[in-house]
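Colleague: Residues per chain, in single letters:
Protein chains: 4
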Amino acid sequence: MALRVAVAGASGYAGGEVLRLLLGHPEVEIGALTGASNAGTRLGALQPHLLPLADRVLEPTSAETLAGHDIVFLGLPHGQSAAVAEQLGEDVLVVDLGADHRLTSAADWEQFYGSPHAGTWPYGLPELPGHRQALKGARRIAVPGCYPTAVSLALFPAYAERLVEPEAVIVAASGTSGAGKAVKPHLLGSEVMGSMSPYGVGGGHRHTPEMAQNLSPLAGEPVTVSFTPTLAPMPRGILATCSAKAKPGVTAERLRAAYAEAYGAEPFVHLLPEGQWPHTGSVYGSNAALVQVALDQHAGRVVAISAIDNLVKGTAGGAVQSMNIALGLPEELGLPLNGVAP
Amino acid sequence: MALRVAVAGASGYAGGEVLRLLLGHPEVEIGALTGASNAGTRLGALQPHLLPLADRVLEPTSAETLAGHDIVFLGLPHGQSAAVAEQLGEDVLVVDLGADHRLTSAADWEQFYGSPHAGTWPYGLPELPGHRQALKGARRIAVPGCYPTAVSLALFPAYAERLVEPEAVIVAASGTSGAGKAVKPHLLGSEVMGSMSPYGVGGGHRHTPEMAQNLSPLAGEPVTVSFTPTLAPMPRGILATCSAKAKPGVTAERLRAAYAEAYGAEPFVHLLPEGQWPHTGSVYGSNAALVQVALDQHAGRVVAISAIDNLVKGTAGGAVQSMNIALGLPEELGLPLNGVAP
Amino acid sequence: MALRVAVAGASGYAGGEVLRLLLGHPEVEIGALTGASNAGTRLGALQPHLLPLADRVLEPTSAETLAGHDIVFLGLPHGQSAAVAEQLGEDVLVVDLGADHRLTSAADWEQFYGSPHAGTWPYGLPELPGHRQALKGARRIAVPGCYPTAVSLALFPAYAERLVEPEAVIVAASGTSGAGKAVKPHLLGSEVMGSMSPYGVGGGHRHTPEMAQNLSPLAGEPVTVSFTPTLAPMPRGILATCSAKAKPGVTAERLRAAYAEAYGAEPFVHLLPEGQWPHTGSVYGSNAALVQVALDQHAGRVVAISAIDNLVKGTAGGAVQSMNIALGLPEELGLPLNGVAP
Amino acid sequence: MALRVAVAGASGYAGGEVLRLLLGHPEVEIGALTGASNAGTRLGALQPHLLPLADRVLEPTSAETLAGHDIVFLGLPHGQSAAVAEQLGEDVLVVDLGADHRLTSAADWEQFYGSPHAGTWPYGLPELPGHRQALKGARRIAVPGCYPTAVSLALFPAYAERLVEPEAVIVAASGTSGAGKAVKPHLLGSEVMGSMSPYGVGGGHRHTPEMAQNLSPLAGEPVTVSFTPTLAPMPRGILATCSAKAKPGVTAERLRAAYAEAYGAEPFVHLLPEGQWPHTGSVYGSNAALVQVALDQHAGRVVAISAIDNLVKGTAGGAVQSMNIALGLPEELGLPLNGVAP
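First to last, the sequence lines map onto chains A, B, C and D. To convert, take the position in the first sequence, counting from 1, and add 1125; that gives the working numbering. To convert, take the position in the second sequence, counting from 1, and add 1125; that gives the working numbering. To convert, take the position in the third sequence, counting from 1, and add 1125; that gives the working numbering. To convert, take the position in the fourth sequence, counting from 1, and add 1125; that gives the working numbering.
Hints are computed from structural coordinates only; laboratory data are not their basis. None of the values given here were measured: they were computed from a predicted structure. Take the hints with a grain of salt, since some may be wrong.
To be verified - Heads up, incomplete: computed chain D residues facing chain C, CB under 8 Å, no partners named:
| id | residue |
| --- | --- |
| 1 | Tyr1138 |
| 2 | Arg1145 |
| 3 | Leu1148 |
| 4 | Pro1173 |
| 5 | His1174 |
| 6 | Leu1175 |
| 7 | Gly1193 |
| 8 | Ser1302 |
| 9 | His1395 |
| 10 | His1404 |
| 11 | Tyr1409 |
| 12 | Asn1463 |
| 13 | Val1465 |
What the hints assert, rightly or not - Subject to a maximum C-alpha distance of 20 Å in a straight line, what follows is the list of computed EDC-like cross-link-like pairs (lysine to aspartate or glutamate):
| id | chain 1 | residue 1 | chain 2 | residue 2 |
| --- | --- | --- | --- | --- |
| 14 | C | Lys1370 | B | Asp1216 |
| 15 | D | Lys1372 | D | Glu1292 |
| 16 | B | Lys1372 | C | Glu1290 |
| 17 | A | Lys1370 | D | Glu1292 |
| 18 | A | Lys1372 | D | Glu1290 |
| 19 | C | Lys1372 | B | Glu1184 |
| 20 | D | Lys1370 | A | Glu1391 |
| 21 | D | Lys1261 | D | Glu1152 |
| 22 | A | Lys1261 | A | Glu1290 |
| 23 | C | Lys1372 | B | Glu1290 |
| 24 | C | Lys1261 | C | Glu1346 |
| 25 | C | Lys1370 | C | Glu1292 |
| 26 | B | Lys1261 | B | Glu1290 |
| 27 | A | Lys1370 | D | Glu1290 |
| 28 | B | Lys1372 | B | Glu1286 |
| 29 | A | Lys1261 | A | Glu1152 |
| 30 | D | Lys1261 | D | Asp1195 |
| 31 | B | Lys1306 | B | Glu1184 |
| 32 | D | Lys1370 | A | Glu1152 |
| 33 | A | Lys1306 | A | Glu1184 |
| 34 | D | Lys1372 | A | Glu1290 |
| 35 | B | Lys1372 | C | Glu1292 |
| 36 | B | Lys1370 | C | Glu1292 |
| 37 | C | Lys1370 | B | Glu1290 |
| 38 | B | Lys1370 | C | Glu1290 |
| 39 | D | Lys1372 | A | Glu1292 |
| 40 | C | Lys1370 | C | Glu1286 |
Even for Gly, the Cβ is constructed at its ideal location relative to N, Cα and C.
Assemble the whole structure, with the sequences as input and the hints as a guide.
Modeller: Next comes the structure, spelled out in structure tokens:
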């Protein structure tokens, strides 16, 4: 019998992408779809690409509308997921697409988000050492941020093998869907097309502590992250260019071996052949992450680059992958591996 | 037991899209992949988005490499498919992605393509009256052109119900993948981004007679087509804006009823609710066609607009849909209905 | 002594483009810049591309702030320009970038805009027969709509020479800046990139009667316009594809001669050499209009296509060109003829 | 009397942009336009945006066609400019848009370009300390690379004031025109739209030694550059994100003061107000460079970001600016300061 799934925040980009993936998932059945200001609206008017759900009408997000489902995805504003989850009970698998339960440090949370910490849930990045195991049987999942997903996949093998120094410099370009569907002047098509723009420069982006949290335990020392996100003129995709000083004696062969071992058995993370670099266009609509790494001998730095689709592996796909693990389903179920290219 | 499929021209956009769809098709197994100048190259270097096939190496296109398959897709230059098909034998299902066998009129072929006509194959647009039936059991399929697919779906209900006069005016915008992967200066990213440009204006585009061929039998009189294609700054998608004078007495209700009836039972063609118009972004990567129609009372014209993904419903998806019908498989097997949006 | 210019609505796209052009105009000096909700804001925060004006602060739009200038450009919401102009007095040149004073028919105005007609001002499309003369010495100018500019330039020589029938079919693609800077969900970058979408289909677009108004007097009979605008994934540019049935006996030579004569002496409208079609990218940032025309013998239609930059020739450039004429300055002063390409 | 200018390589992007700027330059007159494979072609067919030059025909690049001009711009393949310049004589101002004469180190040249070094010419980045003076009266100018221009402007004040450590990490995104007009599969619009892609990763990009050459003398110690260029889905623009460890005791105030002083009197380089970051869209078509800098206290790094138009300040505009200086003309003559936005 199919598992019944509800999606709260079905009118947003993250919620819509969860629905796109679940429509191709053989073990689930889509139940309640909820929204806030959009409650009462046909989904076809909000997400015209989800044809089989066009005639569904959004319900208000509440304990009542979300009750009676086996799985609930939450695409809610910051600070709302804990209360909703509590009302749903402990047997329901609650997958939080938002940030509320990602950080383990309450101090970091309060510094970067400016509100009380709501507690930590199992972190949905199964490729990180130990995380896949921790997700098995979980009934709460904190879906990682899109940038931390891209950055952690690019860098963790280097840190886990202690090949690089603990100061990482990261510049990432993201498609505009990462900024969500709320209308803001700088997100108008006229503004973003033909233009690259940085934001959150100088250490202030909220995803910064999440990156450090993922990498530091593997490094065995605190990793400091210098992170600069930029907005690129494309709807989807993250290209994360990450570098750190190579530890003394590290060779290109040693480096490559670390990545080959880390990703050899992973279904969704692919280390490209030497000399081929990841393009975000290759993972458009796919749950794959493409990774490549090189040693810049002259500058003495390891440069690792990853490409993901911010809405798939960076949000909805990572969420479904973790859901599969939590429920004991095959990890790849319902998840596209091929990109829609060109 | 899985059906074995070969794809000739696997390095091009059409061939690549066929492979993307077949990788999600439960009844087929991908066999030989062939190319011309790219023979000997890893597919991962040419189609980096097709991860499961990355290590496949292209073979040369020949009767030998294509032999031993149940189904062969041909993405070849004009004039080559008839000879290849003959060598494959009558039991193999040959699906031609090119133009060679689309036109029934040898005179039209010779006028627009400037070479001898290679004969007509069953035409793979199952939504056209009578065509679905004709495809059942077929072992040769001519996949329609991308523009004729979009235009025929936008206009045929109006012609079939004799609601419009036989002079159609069509302006269509296409993504650049419709122009293929051959490198030409005007297709450089620097040239196409930020620019709309017409081409083949004044009646010369090769898809013009194919549109007339589809519409005239339904109209019961020869339909004259004025067709202007334009190149739009996007990788995929066709938006076809089609109009014709309304016949006397035609009402908006009568018009809408004709489209509702034509598409009510179609799995891939969706008539949108009144007032909602098709966006190509909604069908990105999907085999769906979105259609809307209106009566402009003042101008006395019926305006019908369709949106498709030129590489899916306009090429590879239409091809797989027709393949399914020919083989007696469920028509929708392996075909995405949801678009990848935003 | 320099002429002093004020711009009301300086934070919008039209106002910003007027300023960009005026900064390169040798005879003017930029005075008051006003806004509504943006009053009090640095222009550098709103229009970061206008470096020399970055430290200017927007004043509120009022008779007081606009007083004391020789020329006032109005980029205001519908219905506001008449009252402002009255307060400025008859000696001030008032150039209205909005629609209020374009239509000569009060009935058309009321039908399409749903408000009382505010009267007609001299129409700023100097290339139309008789209009250049009418603009000389004018102190009120109604700047044409962007679509009517593109369409009138594409079609008027054919109508003026009575070469086509009075039923025009027009499909135009516009960059997103034509929709203005007001934030609306469908104008988000995530929505418009990679997608073409129609709007105002079926005769409802407000620019339709303006096109008919321009063409009918030249045709000597009422011209009926079927107009479908589409939104293209680019910031700027209009490509207008226009066609009408050829009158009996019209030849390609006759047609070409009509256009060559109409535009031979025009500084900004260029008839391209035979076989070369206009790209919007060629007029990016320029006041030029590129035009081409062909006779489709088979369909019996004349197809005329124009490309303009909607913000320049379609709005601010046309406005400055008409200002030059009104003031007796050289018509081309301060207006770029070259596009910014690629 | 106007100075006569010839442009060799007039069919390329750099040559075309030089022409666009020179058409607005009051002191020059455009003479011979030359090309290699395009000799004999109308410029209107190659550069349709340069309307006043549409009927010019390209001549072959040779000493004869380039003779008799006061100024010659060279947009030639690597290795050709020295021989051409020698034939032109010492009185002619030769402005090389290519790389041949940028590097002072023959060893660096040979390592990165694989050919014999052709000698060093005065380097056309007048904002670098001492360079403006060196350009006065010069008759040979090496126009800097586009990336080194962006990076040097972002970082030099920090190095000149010894505020940062000599290991710079740079990630830059460039529009596709930076890759030139030669047709290559990865530059097709279908490939670049919707995708970010890195290239030349790991220290191999030819602009790397040029950056070090600009920064090291100011730093007073050898600066090591880790440079990763990426291709962004836009025609123009470079966004350079540059960082280096802050030296002990450096404060945000000290940092800002260094940049304010460096750029306070510069006509084309603008330090943005605190908190406002550069967008490439703001400098589209303009010779301006926008710069911003911040101190990331937590990571201990200075982050400096610049935005330029790669074809203007990064190539043709920088070339004309240096030409003006060399000839004793006002430095800003003929150079747009405002961007074409949105």
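Colleague: Each of the hints needs a verdict: does it hold here or not?
Modeller: Going through the hints against the structure:
| no. | hint | result |
| --- | --- | --- |
| 1 | Tyr1138 | 6 Å, holds |
| 2 | Arg1145 | 5 Å, holds |
| 3 | Leu1148 | 6 Å, holds |
| 4 | Pro1173 | 4 Å, holds |
| 5 | His1174 | 3 Å, holds |
| 6 | Leu1175 | 5 Å, holds |
| 7 | Gly1193 | 25 Å, violated |
| 8 | Ser1302 | 5 Å, holds |
| 9 | His1395 | 6 Å, holds |
| 10 | His1404 | 7 Å, holds |
| 11 | Tyr1409 | 7 Å, holds |
| 12 | Asn1463 | 5 Å, holds |
| 13 | Val1465 | 4 Å, holds |
| 14 | Lys1370/C <-> Asp1216/B | 49 Å, violated |
| 15 | Lys1372/D <-> Glu1292/D | 11 Å, holds |
| 16 | Lys1372/B <-> Glu1290/C | 18 Å, holds |
| 17 | Lys1370/A <-> Glu1292/D | 10 Å, holds |
| 18 | Lys1372/A <-> Glu1290/D | 18 Å, holds |
| 19 | Lys1372/C <-> Glu1184/B | 56 Å, violated |
| 20 | Lys1370/D <-> Glu1391/A | 35 Å, violated |
| 21 | Lys1261/D <-> Glu1152/D | 17 Å, holds |
| 22 | Lys1261/A <-> Glu1290/A | 32 Å, violated |
| 23 | Lys1372/C <-> Glu1290/B | 18 Å, holds |
| 24 | Lys1261/C <-> Glu1346/C | 28 Å, violated |
| 25 | Lys1370/C <-> Glu1292/C | 7 Å, holds |
| 26 | Lys1261/B <-> Glu1290/B | 32 Å, violated |
| 27 | Lys1370/A <-> Glu1290/D | 14 Å, holds |
| 28 | Lys1372/B <-> Glu1286/B | 11 Å, holds |
| 29 | Lys1261/A <-> Glu1152/A | 17 Å, holds |
| 30 | Lys1261/D <-> Asp1195/D | 16 Å, holds |
| 31 | Lys1306/B <-> Glu1184/B | 19 Å, holds |
| 32 | Lys1370/D <-> Glu1152/A | 51 Å, violated |
| 33 | Lys1306/A <-> Glu1184/A | 19 Å, holds |
| 34 | Lys1372/D <-> Glu1290/A | 18 Å, holds |
| 35 | Lys1372/B <-> Glu1292/C | 15 Å, holds |
| 36 | Lys1370/B <-> Glu1292/C | 10 Å, holds |
| 37 | Lys1370/C <-> Glu1290/B | 14 Å, holds |
| 38 | Lys1370/B <-> Glu1290/C | 14 Å, holds |
| 39 | Lys1372/D <-> Glu1292/A | 15 Å, holds |
| 40 | Lys1370/C <-> Glu1286/C | 14 Å, holds |
Comparing the model with each numbered hint stated earlier shows that hints 7, 14, 19, 20, 22, 24, 26, 32 do not hold.
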